[in-house]
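K.L.:
Numbering of the sequence shown is given in the UniProt record's numbering, commencing with residue 1 and proceeding in unit increments.
Some hints here could point you the wrong way.
To be verified - Pair by pair, the computed Cβ-Cβ distance ranges are:
(1) C50 <-> L80: 19 to 25 Å
(2) F68 <-> E10: 35 to 41 Å
(3) I31 <-> D76: 19 to 25 Å
Hints in this document: simulated from the structure, not taken from any laboratory.
Don't be surprised by glycine CBs; every beta carbon is placed ideally from N, CA and C.
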Amino acid sequence: MSSGTLSEQEQQQREALARQREAVQVRQSQISSDEREHQRRLHWMHCPKCGSELAEVQFRAVKVDKCFSCNGVFLDDGELEQLTGKPGWLESMLRLFKS
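Full structure from sequences and hints, please.
P.N.:
Here is the structure:
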């Protein structure tokens, strides 16, 4: 695969993500503030996979959300970037959170 094709694919993916982001923002703007608050209360610190309660776990100076029911690990905005700059982070995370 040529580098030109890769950048074309990346550009298409970025455009698709931008469209998705815009669609979500439009839907969110149509929801009342009361409904947004209700949704936040229902879902705050609950696992998106199984619905169980999440716990904050410190991992390499970053607090990640861990579900002890399904063993899922979830990152908030910016946390993946914080972790990827640290060598060996993926292997360490796998060892730490392996069930």
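K.L.:
Indicate, hint by hint, whether the structure satisfies it.
P.N.:
Right, here's what the structure says about each hint:
| no. | hint | verdict |
| --- | --- | --- |
| 1 | C50 <-> L80: 19 to 25 Å | holds, 21 Å |
| 2 | F68 <-> E10: 35 to 41 Å | holds, 36 Å |
| 3 | I31 <-> D76: 19 to 25 Å | holds, 21 Å |
The structure agrees with every numbered hint stated previously.
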